[in-house]
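Novice: Whole structure, please, built from the sequences with the hints as guidance.
So the sequence shown is numbered by our numbering: it starts at 33 and just counts up by one.
Bear in mind the hints are in silico, worked out from the structure with no lab data behind them. Please note that a few of the clues may not be correct.
As the list claims (entries may be wrong) - Distance ranges between label pairs, derived from CB positions:
{"hint": "1", "residue 1": "K240", "residue 2": "V319", "range": "39 to 47 angstroms"}
{"hint": "2", "residue 1": "K240", "residue 2": "P269", "range": "27 to 35 angstroms"}
{"hint": "3", "residue 1": "S298", "residue 2": "H71", "range": "16 to 24 angstroms"}
{"hint": "4", "residue 1": "L94", "residue 2": "I124", "range": "34 to 42 angstroms"}
{"hint": "5", "residue 1": "R157", "residue 2": "A207", "range": "36 to 44 angstroms"}
{"hint": "6", "residue 1": "F92", "residue 2": "P269", "range": "43 to 51 angstroms"}
{"hint": "7", "residue 1": "L158", "residue 2": "E268", "range": "45 to 53 angstroms"}
{"hint": "8", "residue 1": "Y266", "residue 2": "I305", "range": "36 to 44 angstroms"}
{"hint": "9", "residue 1": "A263", "residue 2": "P100", "range": "40 to 48 angstroms"}
{"hint": "10", "residue 1": "L75", "residue 2": "R157", "range": "29 to 37 angstroms"}
{"hint": "11", "residue 1": "S300", "residue 2": "A207", "range": "17 to 25 angstroms"}
{"hint": "12", "residue 1": "S298", "residue 2": "V270", "range": "40 to 48 angstroms"}
{"hint": "13", "residue 1": "A137", "residue 2": "F92", "range": "47 to 55 angstroms"}
{"hint": "14", "residue 1": "M133", "residue 2": "T205", "range": "31 to 39 angstroms"}
Stated by the list, open to error - When the alpha-carbon atoms are kept at most 30 angstroms apart in a straight line, the in silico DSBU-like pairs for lysine-lysine are as follows:
{"hint": "15", "residue 1": "K241", "residue 2": "K95"}
{"hint": "16", "residue 1": "K99", "residue 2": "K241"}
{"hint": "17", "residue 1": "K99", "residue 2": "K240"}
{"hint": "18", "residue 1": "K240", "residue 2": "K95"}
Glycine included, C-beta positions come from ideal geometry on N, C-alpha and C.
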Amino acid sequence: MTSLIKPVPQREIEEKKQGSGERTAQILKKKAKGMNMDHNTLLGVLIPFVGTTAGAACVFFLKNELKPIIQKTLLGFASGVMVAASVWSLLIPSMNMCEAMGRLACLPASIGFMVGILMLLLLDRLIPHLHLGSDEPEGHMCGLKKTTMLVLAVTLHNIPEGMAVGVVFAGFTLAAALALSLGIAIQNFPEGAIISLPLRSESGMSRKKAFAMGTLSGIVEPIGALATIAAYRYLEPVLPVLLALAAGAMIYVVVEELIPESAQGSHSDMGTIGFAVGFVLMMILDVALG
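Specialist: Structure below.
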């Protein structure tokens, strides 16, 4: 009787062994990346900060603050980018890393997501800050100036973005990390403008000082990213949880601040359109580059 099992050619076996060895080498090289930061990583984590700086520079070219319709569109756009980044760049990779857990693969991501929500909720209660268009400060009352609290409001939700960039640069391919970094930089551009222009028009601040304050609001991103990369060797075992934690923190910012601000008053539909465009753009960047 003829055997139904065909012998595997020796050449095919050798090719599989070679491919496996190459993948192992890539993994080891990637792990070493968290310990030895190269110039590509350094430049990559600075991309979101460049986006904030470029947006803050609008204060030198625009006389007045952005019109409400433009501001709402940009807020919606930033929301869409952050939600897409949370799903495609953070939550899905987090669950993929836990495939060996079977049906419980979503457990580390679920825990990390909720911890991220609670972390931002705590920071929101502790850090004094003031949202655009509001005269009532939130967080711990300590008598800070209005301009300082406006900057702190933006700085607050730049913290999870910095963490997200750092985690992805430390644990994934350079292309995937650059996709996330570029997407956040795109949504940071309108944020920089939204913070610097009102400081100039409403507070009477000089253009140079308004630019400096807008830029300063984004400095926490590269600091957080570099700190996360530096600590990667200790954080690697809980990487899936950290990815989801950054996602939860970003979603908290979107739901708590960006979407409500884009939906206030008239032209709220422009915020929805901006959200859709931002979401699709970030999804394309992640799939095409990641």
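Novice: Which numbered conditions among the earlier hints are violated in the structure presented, ordered from lowest to highest?
Specialist: Hint check: 2, 3, 7, 11, 14 fail, others pass.
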